[in-house]
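> Chains as they are written, first to last, in the working numbering: chain A, 1 to 287; chain B, 1 to 287; chain C, 1 to 287; chain D, 1 to 287.
FYI, nobody ran anything at the bench for these hints, they're computed from the structure. Keep in mind that a hint or two might mislead.
If chains are identical, the list can't say which one is meant, so a pair holds when it fits in one copy or spans any two.
To be verified - Below are the DSSO-like pairs computed for lysine-lysine, each with C-alpha atoms no more than 27 angstroms apart in a straight line:
1. LYS283 / LYS187
2. LYS18 / LYS210
3. LYS187 / LYS215
4. LYS191 / LYS94
5. LYS151 / LYS283
6. LYS215 / LYS18
7. LYS215 / LYS151
8. LYS66 / LYS151
9. LYS191 / LYS215
10. LYS102 / LYS191
11. LYS94 / LYS18
12. LYS95 / LYS191
13. LYS95 / LYS187
14. LYS154 / LYS283
15. LYS94 / LYS210
16. LYS148 / LYS18
These are the residues of each chain, in order.
There are 4 protein chains.
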Amino acid sequence: MNTSTANTARLLITCEDKPGIVQAVSSFLYHHGANITALDQYATEAQGGQYFMRVEFELEHLQNRKDTLLQTFESNVATRYQMQWHLTFVGDLKKVGILVSKVDHALYELLWRYARGLLPCEITHVVSNHETLRSAVEQFGLPFTVVKVTKDNKEEAEAEIQRIMDGNDLLVLARYMQILSEDFVSKWPMKVINIHHSFLPAFVGANPYKQAYEKGVKLIGATAHYVTADLDQGPIIEQDVERVGHEYNVDQLRELGQDVERNVLARAVRWHLEDRIIVDGTKTVVF
Amino acid sequence: MNTSTANTARLLITCEDKPGIVQAVSSFLYHHGANITALDQYATEAQGGQYFMRVEFELEHLQNRKDTLLQTFESNVATRYQMQWHLTFVGDLKKVGILVSKVDHALYELLWRYARGLLPCEITHVVSNHETLRSAVEQFGLPFTVVKVTKDNKEEAEAEIQRIMDGNDLLVLARYMQILSEDFVSKWPMKVINIHHSFLPAFVGANPYKQAYEKGVKLIGATAHYVTADLDQGPIIEQDVERVGHEYNVDQLRELGQDVERNVLARAVRWHLEDRIIVDGTKTVVF
Amino acid sequence: MNTSTANTARLLITCEDKPGIVQAVSSFLYHHGANITALDQYATEAQGGQYFMRVEFELEHLQNRKDTLLQTFESNVATRYQMQWHLTFVGDLKKVGILVSKVDHALYELLWRYARGLLPCEITHVVSNHETLRSAVEQFGLPFTVVKVTKDNKEEAEAEIQRIMDGNDLLVLARYMQILSEDFVSKWPMKVINIHHSFLPAFVGANPYKQAYEKGVKLIGATAHYVTADLDQGPIIEQDVERVGHEYNVDQLRELGQDVERNVLARAVRWHLEDRIIVDGTKTVVF
Amino acid sequence: MNTSTANTARLLITCEDKPGIVQAVSSFLYHHGANITALDQYATEAQGGQYFMRVEFELEHLQNRKDTLLQTFESNVATRYQMQWHLTFVGDLKKVGILVSKVDHALYELLWRYARGLLPCEITHVVSNHETLRSAVEQFGLPFTVVKVTKDNKEEAEAEIQRIMDGNDLLVLARYMQILSEDFVSKWPMKVINIHHSFLPAFVGANPYKQAYEKGVKLIGATAHYVTADLDQGPIIEQDVERVGHEYNVDQLRELGQDVERNVLARAVRWHLEDRIIVDGTKTVVF
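Could you put the whole structure together from the sequences, leaning on the hints where they help?
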């Protein structure tokens, strides 16, 4: 880790929209000697709208000053504006677990980007309900564990996954074909990212490429979203599409779609790792 | 009309997929002295699949040989393969009627492309249920008629529209905000093109930009489709999308979306006029 | 003009990158009672890098407080950081003149968007070196003047254009096929926007679609840029491309390219009108 | 190999445009009992224009009938129209050699698609002028050989590469940073595909991302092309671009650009393997 990374932090803020917030935050940082390197804000338009802010800053000797920053920001700024806020330190790599089934394209894209240093995180473990991708994972030097899921053992299986993944900051479902229970999801609020192989809200549920084929759409897409208890309904992080024609059969739609899926998922995961996403109810703000 | 246009025709064919169709069609044309200038084919993959073909050819003195062509193709080729087929002459401009309500972007795009010679047709009449766009239409030298539609006069209104539009080859709904009755639609099978302001099948029905806003999608789209009795469910001709972010309110989504709508509609209408579209059940083949 | 527009201003700042700028600007605005509605910043990375900022804010009774704002910002903030800065008032519509030759697509796009209220400006005059587009312009109720340009009268012609356009904030070359002299351009520094019909720096100079055809490129593009004394070399504001294939002849490339041109030009002009562009040497920062 | 693949062949034809070609080719195939599964044609527009055709067909017991087909097509059809033609058998996998230097993204994309069965070929060997990517290649079970290239040994190095690659149908330069000699290239006419990291013809030569950064373009691109003796000037097969902004430094342009490069290269290689490309002078026809 270079000095610049070790001294960089990010502040994510949500509060009611009021005058003076930029001034309050930037003054706080200035008086602590920080240099703002990025600043984004957004306010919803309704009366009493919500305000969202992301500030990235550098501060010398940040490692020794974390506690002070956290306490003084809370008492000097956050309380006044009743902020929900979150301070992250770029030097503290997020821990990421991956869940996968049999198809490999989304997993490979993550592992390949990880190996190249393009995903600022530590991938700790890959869990699958099948043996299929063991060698693919192990050749990247990562631990791989199979947790079989059946109708009868779902609770135990999820407990096992929870045990393995405990301590991670994020779970990525890289085409994991099991539905996580409401109970499991509630333990990872806005900490599970899924890739759905359609342009949601079109084609929820199973086999979206078959649905797309039968509907005769001229574009196919993919959607990365946070997982909530409502299947395929969590806040959308990123979407993209690719043009298709009548000559594509279901297999060809799937093959082309997988290129979209892997790019969309990789972008969503990266944005999460870079603290660019703030959840706004059922939607996301992506700075 | 130049000689080349006057001597150009297009043959659209649908039949069961069997060996020898290209040979039969191209031999027929060759023996009549025609020169094939474009040829596209597509076959669905299932056993006993459907076969679709579009051939464009030039033939000297075509104007005098239309009847001969039509008769001999039917007896010599079409019967053998039980083809549904359709021969169009590029020199015979298609007649097009437009239906519109108050918003002007889709209408303007069509009129502007028409004025520049980019839509090979004759626009015969624009009908609206409002006065709003009269001057926009009349400045292009086109007739404009208002046919008011209320709950009580829907039948009479549609009869009036039918009377005005009778004899056209195509009706274009350029954001016409009235639902046409099943009875009316049945008189114009695959001859009415609508632009829907969403990426169907997402956001059917009213106010799709509001639906898109509330869902928090990251792309908005538009869909041009043939109108059938099922609202927003006819065969899709063309779709496109544009990237948006959390910062777009409903008005901004609508404004950006209108740029997508007008381009998608213009492409669909042009493809129809160029005989590029064959309907395949609930879907389209676009050559 | 609604109250919100009348009370909205934008501050564009360029200076050397130093800590405290956000704090200084936001404190200034806060103490004047302004509410920041948008804030973007960017710093180049080199040592002693440049810093760029755009702030949009609302301030009650702005109309009466312009002078005070201008003076106190200069003395209290700008001087300290040696800022180049620019304060614009959204209520003061920018005046825009358009120069055009014979082809109409870029002009129409601007006029149509203007008529729909999508270009926040006042178009004052359209000047052309040909009569061709007179009725197109006059039907929008705008003055149209022909200034013929020949080899021999270039100086007089430009003097005439200068006289007509004097007092405008921006000139838009909507496919104006005359090269403006260095002398003329120097009077309108970063105040003339041109649309070039290629993806610069590919295909500078004449007939870029023919160049593109001969090169066999698979995408064609358009570039909107500020005009400087170097032909086709001014700071690029916006670019876009469209996919083409081997089957496109030069005319078809041109036709498709014109759709790209008009969209790219419209975006660039709008961004200029919304004070989103800061010139950074030979490049642009677009917020 | 399934029966369908084993019985599928493709015919690529170039000749002067004349009436009757489709008829002649389709009759030939019909009388041999073949079923045409795809047919594309294109004719340049000039008088005495060139005609290009790609036909894919299935024929039972193709393996035993290759010689007959080749001979009878030459004598019965090709001679009459003075065709340049090429018959390929889908069952005969093309042999592909890859040349690479140190950066891995383009190589990985090819190997990953190959491993998934998405590149219909046999990759025979990877040659590099560096050791860097040995394990990346060997984990896919492919032979990897380092051939060092210096100013003094270029001739010997190319002879060594020629010896290793002899017998391949295609060489892919997956970011191979050595310029191949005119002599070497002449041995592989339209059989070497290179990926150039810019939207050609913009930014030929070294370090295109730096050039793009300095120019301030708003889109960056990549170009796959056949290699000829003219550096970066061979026939373009495929291009694509991605949107960037002022905030991208050279490294970020490169990182994003690599995603474009790998997709563009993978498409170009696949199209070559599927016999979709016919070279037309300095350009390509891609069916």
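> Give a verdict on every hint.
Status of each hint after checking the structure:
1. LYS283 / LYS187: Within. Shortest intra-copy distance 20 angstroms satisfies the 27 angstroms Cα cut-off; inter-copy 44 angstroms does not.
2. LYS18 / LYS210: Only across copies: LYS18 and LYS210 sit 26 angstroms apart there, 48 angstroms inside one copy, limit 27 angstroms.
3. LYS187 / LYS215: between (37 angstroms within a copy, 24 angstroms between copies)
4. LYS191 / LYS94: For LYS191 and LYS94, only the intra-copy Cα distance (11 angstroms) is at most 27 angstroms; the inter-copy one is 46 angstroms.
5. LYS151 / LYS283: neither (32 angstroms within a copy, 38 angstroms between copies)
6. LYS215 / LYS18: Between copies only: 26 angstroms across, 47 angstroms inside.
7. LYS215 / LYS151: neither (32 angstroms within a copy, 32 angstroms between copies)
8. LYS66 / LYS151: Neither way: LYS66 and LYS151 sit 46 angstroms apart in one copy and 54 angstroms across, limit 27 angstroms.
9. LYS191 / LYS215: Result: close only across copies, 20 angstroms inter versus 33 angstroms intra.
10. LYS102 / LYS191: Within one copy, since 22 angstroms is at most 27 angstroms while 36 angstroms is not.
11. LYS94 / LYS18: neither (32 angstroms within a copy, 30 angstroms between copies)
12. LYS95 / LYS191: within (11 angstroms within a copy, 46 angstroms between copies)
13. LYS95 / LYS187: within (16 angstroms within a copy, 52 angstroms between copies)
14. LYS154 / LYS283: Answer is neither: 29 angstroms inside a copy and 40 angstroms across each miss the 27 angstroms cutoff.
15. LYS94 / LYS210: The answer is neither: 36 angstroms in one copy and 32 angstroms across copies each exceed 27 angstroms.
16. LYS148 / LYS18: neither (51 angstroms within a copy, 48 angstroms between copies)
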